[in-house]
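Line by line, the protein sequences are chains Y and E. The numbering of the first sequence is the numbering used here, which starts it at 15 and goes up by one. The numbering of the second sequence is the numbering used here, which starts it at 872 and goes up by one.
Worth double-checking, as some hints may not be accurate.
[As the list claims (entries may be wrong)] From the derived model, a few chain E residues whose C-beta atoms are all more than 10 Å from chain Y:
#1 L915
#2 I924
#3 G1015
[As the list claims (entries may be wrong)] Short, incomplete list of chain E residues facing chain Y, as computed with Cβ under 7 Å:
#4 L882
#5 V892
#6 S895
#7 V899
#8 T938
#9 S1019
#10 V1020
#11 I1021
Derived from the structure by calculation, the hints contain no laboratory data. Note that CB positions come from ideal geometry on N, CA and C, so glycine has one too.
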Amino acid sequence: MIASFAYPLVAGFAILAIALAAVAAERHLVLIILAIELIFLSSTVLLVYFFAERGAESAEALLLLTAIWAVAAVEAMALITFYAYMKTSGQRFDVSLLSRIKG
Amino acid sequence: MLFDVVYLAVLLFTVGSALAVFISGRLVHSVMALAAAFAGSALLFFSMGQPFIALLQFFVFVGGLSTYLMVALAAEERESAHHKNIYLVLLAVILGLGFYTLMGGTGFSAASGSSQNIFMLSVESLFSGYMPFLYMIALLLGAGAIGSVIVIRSFIRLVV
């Protein structure tokens, strides 16, 4: 049984909206990384929804998903390690300084 | 009707978990909320008739990536993240019930609907023309893992 209403579509766009708002509003680096992970999650949900509804029997869906998963995993690993390293070595890593660029 | 209620509950659970990432006070709790959002998305994949992707999402993101993030941030914060076990038990019960209901109790009956299962592919069709791309992904993941190990070794040298 498949939902008559497009719940995955709503979930995907809701997660995307929350994550974009967080990227714009948050000042903590780790939370921004988590927001980017949520953007990857919403793209995965929307991609699977698109391919499932289209009934596409192709390898492109799996390849795209694999690419999204790989980039999401590597990005999270690298940035969290970088954050921990910078913080332990006593470096300042204040994302709020970026607000100066915003003006 | 029952499935509509379940789908709505899954939707609210996933979006609520995504929201909880940013309203929880501690980083470790934010990562726990992110893990819950990943688990909720796995339930969404079940509801879309894609049980294989749901399991992959569950194993790779909830089991792998969220654990990595949690361990890294807990070690970095150097303090225990106090939480109430009852919430974790409730979360496990909700996820278990969700998976059980969406799987139709036995088998993947709910997941085998009118939508096409995009993972009904043969291995040959997948591997025939895309090997360089898969090698690139493997290289990316390998480089990320090795780079993390190198950075963590320097990190340990710095601390000890």
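Now for the hints, and whether the structure bears them out:
Look at L915 (chain E): its CB is around 5 Å from the nearest CB on chain Y, not clear of 10 Å, so calling it non-interface is violated. Its closest Cβ contact with chain Y, about 6 Å, brings I924 (chain E) to no more than 10 Å, contrary to its assignment away from the interface. Distance check on G1015 (chain E): its Cβ comes as close as 4 Å (rounded) to a Cβ of chain Y, failing to clear the 10 Å threshold; non-interface status is violated. Among the interface hints, the one on L882 (chain E) holds; its C-beta lies about 5 Å from the nearest C-beta in chain Y, closer than the 7 Å criterion.
Satisfaction of the interface hint for V892 (chain E) is found here, the shortest Cβ-Cβ separation to chain Y being roughly 5 Å, below the 7 Å cut-off. For S895 (chain E), the shortest C-beta to C-beta distance to chain Y is roughly 10 Å, which exceeds 7 Å, and the interface hint is violated. Using the Cβ-Cβ criterion of 7 Å, the hint placing V899 (chain E) at the interface with chain Y is not satisfied: the shortest such distance is roughly 10 Å. About 11 Å separates the beta-carbon of T938 (chain E) from the nearest beta-carbon of chain Y, more than 7 Å, and the hint is not met.
For the restraint placing S1019 (chain E) at the interface with chain Y, the shortest Cβ-Cβ distance is roughly 5 Å, inside the 7 Å limit, so the hint holds. A distance limit of 7 Å between C-beta atoms decides the matter here; for V1020 (chain E) the minimum to chain Y is near 9 Å, and the interface restraint is violated. Using the Cβ-Cβ criterion of 7 Å, the hint placing I1021 (chain E) at the interface with chain Y is not satisfied: the shortest such distance is roughly 9 Å.
The structure shown violates the earlier hints numbered 1, 2, 3, 6, 7, 8, 10 and 11.
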